[in-house]
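Top line first, the protein sequences correspond to chains A and B.
Be aware that the first sequence starts at 1, since it is given in the UniProt record's numbering, and climbs by one per residue.
Be aware that the second sequence starts at 1, since it is given in the UniProt record's numbering, and climbs by one per residue.
Hints were generated in silico from the structure; no laboratory data involved.
Incorrect hints may have been included.
As the list claims (entries may be wrong) - Derived DSSO-like pairs (lysine-lysine); straight-line CA-CA distance at most 27 Å:
| no. | chain 1 | residue 1 | chain 2 | residue 2 |
| --- | --- | --- | --- | --- |
| 1 | A | Lys16 | B | Lys249 |
| 2 | A | Lys224 | A | Lys29 |
| 3 | A | Lys130 | B | Lys206 |
| 4 | A | Lys177 | A | Lys232 |
| 5 | A | Lys177 | A | Lys115 |
| 6 | B | Lys249 | B | Lys170 |
| 7 | A | Lys16 | B | Lys246 |
| 8 | A | Lys115 | B | Lys245 |
| 9 | B | Lys14 | A | Lys16 |
| 10 | B | Lys170 | B | Lys245 |
| 11 | A | Lys23 | B | Lys170 |
| 12 | A | Lys78 | A | Lys115 |
| 13 | A | Lys29 | A | Lys78 |
| 14 | A | Lys224 | A | Lys299 |
| 15 | B | Lys246 | A | Lys23 |
| 16 | B | Lys170 | B | Lys14 |
| 17 | B | Lys170 | A | Lys132 |
| 18 | A | Lys130 | B | Lys170 |
| 19 | A | Lys219 | A | Lys132 |
| 20 | A | Lys78 | A | Lys177 |
| 21 | B | Lys249 | A | Lys78 |
| 22 | B | Lys170 | B | Lys206 |
| 23 | A | Lys78 | B | Lys246 |
| 24 | A | Lys111 | B | Lys14 |
| 25 | A | Lys129 | B | Lys14 |
| 26 | B | Lys249 | A | Lys130 |
| 27 | A | Lys111 | A | Lys129 |
| 28 | A | Lys289 | A | Lys224 |
| 29 | B | Lys170 | B | Lys246 |
| 30 | B | Lys245 | A | Lys132 |
| 31 | A | Lys23 | A | Lys224 |
| 32 | B | Lys14 | A | Lys78 |
Spelled out, the chains give:
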Amino acid sequence: MSEYVLRTTDLTKTFKNGIALDKVNLSIKRGSIYGFIGQNGAGKSTLIRIAAGLAFPTEGAVELFGYSGPAETIEARKRIGSIIESPALFPQMTAEENVEANRLLRGIPGKDIVKRSLEWVGLEETGRKKAKNFSLGMKQRLGLAIALLGDPEFLILDEPTNGLDPMGVVEMRELLKRLNQERRITILISSHILSELHLLATHYGIIHRGVLLEELTAKELQEKCRQFIHIKVNDPAAAASVLQNRLDTTEFEVMPDGSIQLYDHLEHPGRVSTALAASGLEIEQFMPKGEDLETFFTKRIGGVQP
Amino acid sequence: MSNVIRAEWFKLRKDLSFRTLFLCIAAAAIVYPLLIIMDHTAGEPEITSLAFMQNVLAGNAYVLKFSAALLAGFFISSEYSTGVMKCIASSGNSRIRLFIAKLLVFTVGAVMLALVLPVVSTAVMVIASGDAGSLPLPFVLRALGFTVLYAAGFAGIAALFSTLLTDSGKSIGFLFILFLLADSLFAGAGGYIPFIGTLYDYSVFKLVNNVPILERSSGQLTAMTVVPVVWFLMFGALGILAFRKKEIK
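Isolated chain A (complex conformation) (with noise of 0.2 Å):
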């Protein structure tokens, strides 16, 4: 049994109007949640859509659950669920009706699977109401049910909180989180709500114009996302020349706002304010941060995109 769920290898995918993949290189290992995190047109749902066998790629290859020939990825894509861009059901049918016709479709024997799929997203009280009368958050929940349909290995979901309200939100990311330990679904995950992705992921993978920057595990991350001392005061230059001189280091940033973000010190946070204060400094406000998910994607994408 193959250690990683999917990888590509030197994954390209060119438009007439450019490139859309470069030569990617991703793998996202068997029990993981994955957060794939890139701007609009980064290249995520294009990868997503090869991965899932709606789009073809230019060079290149992919391979799910070990498996790289033809006709053995379209097998596994049995394997695995997805929701890419918006859950795709039939407008005119109603919530069984769509779990029916997709449990036809995958050839999952037992009639039965379609109510409790249904009662996994709370979705069994909808009767006759058709889909097209669905509020957004009860179609995606009910692309959830369509997803888990047939016990998949690999959840593959594309914006998943999309038109969810905040308690949608959180059931969701406690669904998926028990979904993966309980049942060890993988989890492939784009969003641009990267704060609910932080309480999520596991693993990231960071790309950019087509370019996968970066893959790193949640520990990495959390060691690479600095922590800081966030310090506002009445004078911001005299606190650095305290900083400089009262405390001897230049371990920190101005910022454009007047604060200042000071990266030493962190285990004696007292020292410091003891030293601002004793230099006649008004501290308005002073406390220990850490730099976010959202901070880290951006500057590893080099700051905020026009």
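Could you slot chain B onto chain A? The hints should help.
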């Protein structure tokens, strides 16, 4: 393969456009012969069931073409615009298998729609007028058999273009124009290029008009039988090629 066909059959049964078309054609098929009978004035010769069925079959050529176009738009193309095709294409079934299942079930749907008018209206006419004797059974069976074959021929064409166009509005519009203008275009071009003239002579567009003819030579019968089968297979194969290479958005 059987599971994909079962899924397509399930979808066809639930398809609102199929149900609506079926009911509309069935309603027209019931009303039309009754109107003919009610309009009959004393002294005029009564229309025989045979003549009535021939009239219906002539008109049914349009029903057959346009119902195939409408069904293709709603049953095939709309799956691209609603995004359902993403789910289908990533389901772990080969593209060939998916297209063949879709084509077969779509063809069954188109055939059912094509049969409603001649079957129902002729049955109503026979019951209402009491004239069953003028209808030779071999003609009825042959006419219905040809209706099945030509509906399949047009279904093959509709399946290809609805797969290429992926938008129900565009597909229906294009197929309506194609089916309406094909006769004029083929006949016009055939006047200058003999090959196109010959192609038209052996096309479903021309031969569908011969379905109501009572007497035919064995050569004509063979051509009438073989042509729709060849067109169905040819367009089905083109559809498979197109769908295999298609990137689904």
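Inset, instruction - Would you mind confirming whether the straight-line C-alpha gap from B/Lys245 to A/Lys132 stays at or under 27 Å? - result: violated (30 Å)
Legend entry - 27 Å Cα cutoff - pair A/Lys177, A/Lys115: holds (22 Å)
Inset, instruction - Would you mind confirming whether the straight-line C-alpha gap from A/Lys177 to A/Lys232 stays at or under 27 Å? - result: violated (38 Å)
Inset, instruction - Take the C-alpha atoms of A/Lys23 and B/Lys170, compute the straight-line distance between them, and say whether it is at most 27 Å. - result: Violated, at about 37 Å.
Inset, instruction - Please work out if B/Lys170 and B/Lys206 have their alpha carbons no farther apart than 27 Å. - result: holds (25 Å)
Legend entry - Given pair status - B/Lys14, A/Lys129, alpha carbons within 27 Å: Satisfied, since the Cα-Cα distance of roughly 14 Å is no more than 27 Å.
Legend entry - 27 Å limit on alpha-carbon distance, applied to hinted pair B/Lys170 and A/Lys132: holds (22 Å)
Legend entry - Given pair status - B/Lys245, A/Lys115, alpha carbons within 27 Å: Given that 27 Å is the threshold and the Cα spacing comes to 36 Å, the pair is violated.
Legend entry - Pair hint A/Lys78 and A/Lys115, alpha-carbon separation not exceeding 27 Å: holds (21 Å)
Inset, instruction - Sort out whether A/Lys130 lies within 27 Å of B/Lys249, counting only the CA atoms. - result: holds (24 Å)
Inset, instruction - Below or equal to 27 Å on CA atoms is what counts here, so check A/Lys219 against A/Lys132. - result: violated (42 Å)
Inset, instruction - Could you grab the alpha-carbon distance between B/Lys249 and A/Lys78 and see if it respects the 27 Å cut-off? - result: With a Cα-Cα distance of about 20 Å, the restraint between B/Lys249 and A/Lys78 holds, given a limit of 27 Å.
Violated hints, listed in ascending order, are 3, 4, 8, 9, 11, 19, 30; each of the other numbered hints is respected by the structure.
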